[in-house]
Amino acid sequence: AQSVTQLDSHVSVSEGTPVLLRCNYSSSYSPSLFWYVQHPNKGLQLLLKYTSAATLVKGINGFEAEFKKSETSFHLTKPSAHMSDAAEYFCVVSDATGFQKLVFGTGTRLLVSP
Amino acid sequence: EPEVTQTPSHQVTQMGQEVILRCVPISNHLYFYWYRQILGQKVEFLVSFYNNEISEKSEIFDDQFSVERPDGSNFTLKIRSTKLEDSAMYFCASSETPPGPSNQPQHFGDGTRLSIL
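Residue numbers (our numbering), protein chains in the order written: chain A, 629 to 742; chain B, 145 to 261.
Okay, chain A solo, but in the shape it has when bound (with noise of 0.2 Å):
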């Protein structure tokens, strides 16, 4: 069955400087991955997928992420972080069979300091 490991519960940045939260999945198929961001009292925003095109996936707001199959990492990263990214993120993986139903990692909160 895929799983995904989120390796950090919280990480901390100062703002205006590089941001990687880590992300390592299980999977006996090709997987396709996905990073969402949840701000406080809000709905999971799609911020980046990897479905087996360009290993290198840009997202919304500056992040990016790169799918590496020798390490099975799904890192995500921002050269230099804003307050506003301050958020609950998930790594996910999509179950290859059936209906493609997401199983989530167990986030990483990104607290942002000034």
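One or more of the hints may lead you astray.
Said to hold, decoys possible - Facing chain B, a subset of chain A residues (Cβ under 10 Å, in silico):
| id | residue |
| --- | --- |
| 1 | 664 |
| 2 | 666 |
| 3 | 670 |
| 4 | 674 |
| 5 | 677 |
| 6 | 689 |
| 7 | 691 |
| 8 | 718 |
| 9 | 720 |
| 10 | 722 |
| 11 | 723 |
| 12 | 728 |
| 13 | 729 |
| 14 | 732 |
| 15 | 733 |
| 16 | 739 |
Derived from the structure by calculation, the hints contain no laboratory data. For glycine and all other residues, C-beta sits at the position ideal for the given N, C-alpha and C.
We have chain A; now place chain B onto it with these hints.
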């Protein structure tokens, strides 16, 4: 941009009562999902729905739960006799395309926070 909308945003219900959570998926989407997130835990899949029937459900989705698309626009989740442990944020999602490597992603609503007293 089209959105998935969920109502109400917060529902408070007495244990043992029935509750219906409502969702309006994006209009051209054909695949519908419910997920839940218990406070402090990960988001969990409940059920997927296509062509007016359940296509997949998790072990959480027992006989107390049901889903329906009553009128071609709404998609509802009913819990027949609520328990304390049903307290959670419930998310509705929809997607446009069928399963496959080029599938379109699922779009989520803002959720309904269900509190069982």
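Here's how the hints hold up against the structure:
Annotation: residue 664 (chain A) was flagged as interfacial toward chain B, and the flag holds, the nearest CB pair being 7 Å apart, inside 10 Å. With its C-beta approaching chain B no nearer than about 9 Å, residue 666 (chain A) sits inside the 10 Å limit, and its interface hint holds. Given the 10 Å rule on beta carbons, the hint for residue 670 (chain A) holds: about 6 Å separates it from the nearest Cβ of chain B. Look at residue 674 (chain A): its Cβ gets to within about 5 Å of chain B, closer than 10 Å, so that hint holds up.
Interface restraint check: residue 677 (chain A) against chain B, minimum CB-CB distance 5 Å, threshold 10 Å, status holds. The closest approach between the C-beta of residue 689 (chain A) and any C-beta of chain B is roughly 15 Å, which is over the 10 Å cut-off, so the hint fails. About 15 Å separates the beta-carbon of residue 691 (chain A) from the nearest beta-carbon of chain B, more than 10 Å, and the hint is not met. Restraint check, residue 718 (chain A) versus chain B: the minimum CB separation of about 7 Å is within 10 Å; hint holds.
For residue 720 (chain A), the interface hint holds, the least distance from its beta-carbon to any beta-carbon of chain B being 8 Å, beneath 10 Å. Proximity of residue 722 (chain A) to chain B holds as hinted, the smallest CB-CB distance being about 7 Å (cut-off 10 Å). Taken as an interface hint, residue 723 (chain A) checks out: its beta carbon lies about 8 Å from the nearest beta carbon of chain B, inside 10 Å. Of the supplied interface hints, the one on residue 728 (chain A) holds, with its beta-carbon coming within about 5 Å of a beta-carbon of chain B, less than 10 Å.
Contact between residue 729 (chain A) and chain B, as hinted, is supported at the beta carbon level, the nearest pair being about 4 Å apart and thus within 10 Å. At its closest, the beta carbon of residue 732 (chain A) sits 4 Å from a beta carbon of chain B; the interface hint therefore holds under the 10 Å criterion. With a least beta-carbon distance of about 7 Å to chain B, the hint placing residue 733 (chain A) at the interface is held under the 10 Å criterion. At its closest, the beta carbon of residue 739 (chain A) sits 17 Å from a beta carbon of chain B; the interface hint therefore is violated under the 10 Å criterion.
Consistency note: the structure conflicts with the earlier hints numbered 6, 7 and 16.
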